[in-house]
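First to last, the sequence lines map onto chains W and F.
Those letters in the first sequence? Residues 1 to 323, by my numbering.
Those letters in the second sequence? Residues 1001 to 1249, by my numbering.
Hints are supplied without guarantee of correctness; some may be wrong.
One side only, chain F facing chain W, incomplete, derived with CB under 10 Å [to be verified]:
{"id": "1", "residue": "T1051"}
{"id": "2", "residue": "I1054"}
{"id": "3", "residue": "A1058"}
{"id": "4", "residue": "R1083"}
{"id": "5", "residue": "N1099"}
{"id": "6", "residue": "A1103"}
{"id": "7", "residue": "D1117"}
Honestly, the hints are just simulated from the structure, not real lab data.
Glycine included, C-beta positions come from ideal geometry on N, C-alpha and C.
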Amino acid sequence: MKLTRTGVFTIVVALAFLAVPYAATLLGSNYVITLATRVAIYAIVAVSLDMLVGRSNLVSFGHAAYFGLGGYAVAISAFHLANDVPIFGWAGTNEALIAWPLAMFVAGFGALIIGALSLRTAGVYFIMITLAFAQMLFFLFVALKYYGGDDGLSLSTRNLFAGNRITDARTFYWICLAALAICLLLSWRILNSRFGMVLRGAAASERRMAALGFPVYRYRLAAFVIAGMMAGLAGALWANQNRFVSPDMLSWVRSGEFLVMVIMGGLSSLVGPVVGAAAFLLIESYLSGWTEHWQMVFGPFVLLVAVFAPRGLWGALRGKGDV
Amino acid sequence: MSAALQLDGLCKSFGSLRATDNVSLRVEAGECHAIIGPNGAGKTTLIGQITGEIRPDAGRIALLGTDVTHWSVPRRALSGLARSFQITQLAQGFSALDNAAFAVQARQGHSFRFLADSRKDPSLRKPALDALTQVGLADRADRLVETLSHGERRQLELAVALAMQPRILLLDEPMAGMGPEEGERMVEILRGIKRHMTIVLVEHDMDAVFALADRVSVLVAGAILKTGSPADVRSDERVRDAYLGAGSH
């Protein structure tokens, strides 16, 4: 099998992720791991968003909603447990293998409702309505004083993972990286499946797909739910990493950042969104060490990428040849 | 026996414009029925109502004896109505074979299958290749749509419709934008298909219409002026006045 340029760079990206814990040991810095964990978590969101924006031509400007729903699902069940009023009187919600799927379910359910209404519109209206729904949820959590309102909600501990405490940053990093790998594998399979072909075909020509007999709406709604669930998982991981959630997780700024990651990394590619998330967080981390107003430098950089690498950083890396 | 396609008293207005004016039409199973008319006669609006993209204001549409007036586009497609587009609607970024495979996939039931690689599924690829072979595009199977010539894209447009294995084929100006040589080729392909297919042919090219059609309906100002054999239509005074006189070559 011939190794393509895409293949080479994919391996480079994978090795970079695998090398992080060793690099951290060499540098004697745990911050590297913390940053890489954040990259892995955001990459999951970016991969899920690309399934909508890149592959399905559905520009969702409210993807932070599902990220936040996932985070709050974890935080709220932990909150009830800590206050001795566990949800349904059941202490199992502290277990990651229960809490995280619960977070995915909550986010997926949110995506089902929001998607069912938003997908009846198209184009700019779709962008605006997804944004509007996300803002509604944002203000809902701001208003929920019982769960901290504006100030957010802290978790006293991370979830147990299969009964074990995850205090070590490295262990948590491996868990997040494994989650990212599973999401990548899953979206790769999905996009080449019959289901994925309907999504991509409808992005290319919705009229044609309808004329062939595909009720496009249903397939798009299913994609919306899948993407929402992935973002919900990322939200659960984020809540665990920071042991804190706040309405900020659902804000429109966050949704915008997710879009920047996907577009800057490269739409409609598997690794592009991962590269985009990494680039975004690394640049943010580097620049914010210099100045509080790091966006003033970051903005022009995004502009340059848009002008000189219209297929994103990943598109520029892998060249013209491969699709 | 019920007709393959039956329109009863179809009306559609856009503001004060009567785009479709009380159109009734019966397409028998197995025939090639051409619909001709000058520009602005309402052909596109009529096609839209047959496929389901446009809702009629009044009237009834029946496919193979079933009332489909209120059915969606996909539902009509699955019940056996295939169409080609006047302006090609192919999925860019996909190969010719992929495009035909979409059609095969649609008729194989729901596509909520998430894991298996659809491009390695012979139950999709083989019928798709058969459809390409039918229009003479087998050697272009792996070419991306955007690298095909205009004529080849028109052929692919037809192959995609054929891959649906329809009961009725609605062709919207299949000769559009073709040179004389490509046009002749398309007529040959359609002649082969028409032997075992009900075809509704909306076409500007009169040579093609008279070479292929069993019956012709003439649409003028949204209304059917005349339906008859090609010879009848050609010799009709009113048709000549309305259309053929100036427009034919």
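To see whether the hints hold, each was checked on the structure:
{"no.": "1", "hint": "T1051", "in the structure": "holds, 7 Å"}
{"no.": "2", "hint": "I1054", "in the structure": "violated, 13 Å"}
{"no.": "3", "hint": "A1058", "in the structure": "violated, 24 Å"}
{"no.": "4", "hint": "R1083", "in the structure": "holds, 6 Å"}
{"no.": "5", "hint": "N1099", "in the structure": "holds, 8 Å"}
{"no.": "6", "hint": "A1103", "in the structure": "holds, 5 Å"}
{"no.": "7", "hint": "D1117", "in the structure": "holds, 5 Å"}
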